[in-house]
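Number of protein chains: 2
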Amino acid sequence: MAKITARTPKGMRDYLPADMLKREYVLGVIRDIFESYGFEPIDTPVLELRETLMSSDYGEDAEKLIFFAQHGGGGDEYAMRYDLTVPLSRFFASNENALSNPFRRYHIAPVWRGERPQKGRYREFYQCDADIVGVRQTSADAELMSIIYKILNRLGFEEFTIKYNDRKLLIGMGIYAGVDEDRLPSLYRIIDKTDKIGLEGVAKEFEKEGFPAEVIDRMMGVLAFDGSGDTNTRLTALGNLREELDGIEIALEGLQELEDLTRMIDQLGVPTTHTLMDFTMVRGLGYYTGPIFETIITKPDNLGSVQGGGRYDELIGRFRGQSLPNSGISMGIDRIIELMDMLDLYPDWVKTGTVVQTMVTVFNDETLVDSMKLAQELRNAGLRVETYLDARKNLGKQIGYADGKGIPVIAILGPDEIANGMVNLKRLADGEERSVARNDAAEEIKRLIAGG
Amino acid sequence: MAKITARTPKGMRDYLPADMLKREYVLGVIRDIFESYGFEPIDTPVLELRETLMSSDYGEDAEKLIFFAQHGGGGDEYAMRYDLTVPLSRFFASNENALSNPFRRYHIAPVWRGERPQKGRYREFYQCDADIVGVRQTSADAELMSIIYKILNRLGFEEFTIKYNDRKLLIGMGIYAGVDEDRLPSLYRIIDKTDKIGLEGVAKEFEKEGFPAEVIDRMMGVLAFDGSGDTNTRLTALGNLREELDGIEIALEGLQELEDLTRMIDQLGVPTTHTLMDFTMVRGLGYYTGPIFETIITKPDNLGSVQGGGRYDELIGRFRGQSLPNSGISMGIDRIIELMDMLDLYPDWVKTGTVVQTMVTVFNDETLVDSMKLAQELRNAGLRVETYLDARKNLGKQIGYADGKGIPVIAILGPDEIANGMVNLKRLADGEERSVARNDAAEEIKRLIAGG
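Sequence order for the protein chains is A and B. One point on numbering: in my numbering, the residue at position 165 of the first sequence is 165, and numbering is uninterrupted. One point on numbering: in my numbering, the residue at position 356 of the second sequence is 1356, and numbering is uninterrupted.
Isolated chain A (complex conformation):
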């Protein structure tokens, strides 16, 4: 048999069992919480028609990054899923009559982008989106913020900040400062750098860009706004700003949305220690039309964003020819999986790297069926059990196998145990051994796994 080079495509990877346990654990928590808020799962084909993706606003580079596909027999040209938003628009247009309105959906699925692979960035990676289609009210945005909090809290993250802002307020701030509409994009682009260069740096960039001193003063006054503190402090600060921005309709709408959001997330149990109203957070230029969110993990350092999202009322209706209110969030799964490792947040059973809770050993060919039968009894009692199926290997080899895999407990069955209706149990981490009646074996194994 000739050996053929076996490698995965560049930037794409295999998930080994230990990787899968982590991925499924994180996705399981996220799914549970999405569903607890009434979000329904959907899925779409990996392939969309080429024209579906090409009619979207992925930007000028997209044509180089999208993976195109066709089957060997010819026919239609396809493109591989590039994000979950265009598929949602297409899905909604294809199935609208069968969907509820409002429609809450989540979608967890891989997407493909031909970007240069680098550490932590892949060409095949998972996206994980939840959207509320059809609700214009800020109540939808507030529920999404509380979902972000619940997910990160449940996963065990302790120090993180959900930043929120509002696109309408950003537009209003530009008007207030006297910036011409065509210069708003460069204004936002500079504001977006605050995280990196600080407010002083932003003021300098404003100068370099040639904004008048008065405009800069006004902008810096608003950008220096302190959006931390408890709910009442924030509502009072927003009230003061309302007077400052009086007469600028779109700014006042944005402030109203931020007041509603602040009040609602408080009622939904999101602690203000984990949120920050941040007027310097911009999240790109087009696309968003109302509240926007972005979440960063802050311990031990600023470990970057694990979530983005907000209201974008103009995108989901594109394939049906009529706009639809919509607000959504996207969780950065790869980043979360990696940070959970760094911060040691996985539960013990995920860290073993195996689903197996117990391995039953085999003594010889004659007792093999007895070992298989004991394993079956333990499975019927709710345990995940592997039988060692090859009696030619001695007990030392078998235990070495279990140990190498991270299996916590082994059940040893020899002719004496079979004759006496007993089983010998051994916890591999500390060598604790117990001899128990076969009928009690499952309960005793559960105790051993739990550390008892």
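Just to be clear, a hint being listed does not mean it is correct.
[Unchecked claim] Computed spacing ranges between beta-carbons, pair by pair:
| hint | chain 1 | residue 1 | chain 2 | residue 2 | range |
| --- | --- | --- | --- | --- | --- |
| 1 | A | 432 | B | 1120 | 38 to 44 Å |
| 2 | B | 1153 | A | 345 | 33 to 39 Å |
| 3 | A | 347 | B | 1267 | 30 to 36 Å |
| 4 | B | 1018 | A | 73 | 29 to 35 Å |
| 5 | A | 351 | B | 1010 | 43 to 49 Å |
| 6 | B | 1120 | A | 7 | 31 to 37 Å |
| 7 | B | 1420 | A | 229 | 33 to 39 Å |
By construction, these hints were calculated from the structure, which means they are not laboratory data. Quick reminder that beta carbons are idealized off the backbone N, C-alpha and C, glycines included.
Using the hints provided, position chain B relative to the given structure of chain A.
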């Protein structure tokens, strides 16, 4: 906004929430049982290198059926996953040092084939495979058979038959009948038709093919073997056949494997009412090297195969240049999902078509936050809850929405209920209403959902 035609590629489909609930329910049961036998989840990229797939034995038509892909920027050529066996071979070769030996893995993932779409056959569909790599013994095959039984039993199927046979016995039967080795393929091809044309039809085809009368007599004698009955009956029948085939080494090996299988599945609790030793079951010509299985649902009629598999010791090692013993099964997910519908086997909550257990209504803008807060309390008590977020819609509209979605219980909250700390609950199926203290609402909702 211009309307753009929105359709899925030919033979590919969206999964709406009701479809996803069914898919996830079936896959959840299968995953649970695979893991209870110690099978570990893995995943591989959707794309493999083109040369990886083209070096495989998919047959001459495959080049027309495989979907090929490349990203817009050029570079390597890729092929979309066509099955889960070639990816397993490639995965094993890429990661062997990090894997246990033996290695039990399951893989549930979509594959793509450009076949002509027809009812129940898609170009994107799920495969669901479990394999034990590295175990030469029949004990592995026996565990796989007991997994098939457990999965179908847990899903609620009552009448099904797991057929089993052995490739070594089939070869031995050819030798016994005096068929030249180069004519074995046509012999098997004819035997494979027994299901459709019966034993008499098979005898006629043998004649047409020009086999001597003596060969036909001998073959028909073996094919008429009755492999039903209880375990002892089967073992006795196999013992008799052993005398008949005495001296034909490969036949005796096959018989030994069938004896071991029959004895082991009995000990593993697989009832003989649901298995059949069937010498006319062939499962293709190449590929398999030992025990083979195939499962059909038999109620109300022969509804076709939902599972195939067996031992194929020569395939998994192809990319590492050295063969590896291996036995595996593949479950037909699409067929199972469809049959569960036909036989009405889904639990009630799957049949509602929604994850939502309760919807909290909203009275007006002033009480909206109270409704959101009640929903949050119910979620914290373990329920999946949607808040109706738009206070402009009247109660009738809100209830209509919940009813249309199949939500079983609604929680009505108006100013009076808020003032008194009460909630009004209503089960939509029968109109049952209960007014309860807010603290008791979650428990009462659970009772209502359970029909109490």
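Evaluation of the provided hints:
1. 432(A) to 1120(B): 38 to 44 Å: For residue 432(A) and residue 1120(B) the Cβ distance comes to about 53 Å; the hint is violated.
2. 1153(B) to 345(A): 33 to 39 Å: 37 Å, holds
3. 347(A) to 1267(B): 30 to 36 Å: 35 Å, holds
4. 1018(B) to 73(A): 29 to 35 Å: For residue 73(A) against residue 1018(B), whose Cβ atoms are near 33 Å apart, the range 29 to 35 Å holds.
5. 351(A) to 1010(B): 43 to 49 Å: 45 Å, holds
6. 1120(B) to 7(A): 31 to 37 Å: 36 Å, holds
7. 1420(B) to 229(A): 33 to 39 Å: With a Cβ separation near 34 Å, residue 1420(B) and residue 229(A) satisfy 33 to 39 Å, so the hint holds.
The structure is inconsistent with hint 1 alone, although it conforms to all the rest.
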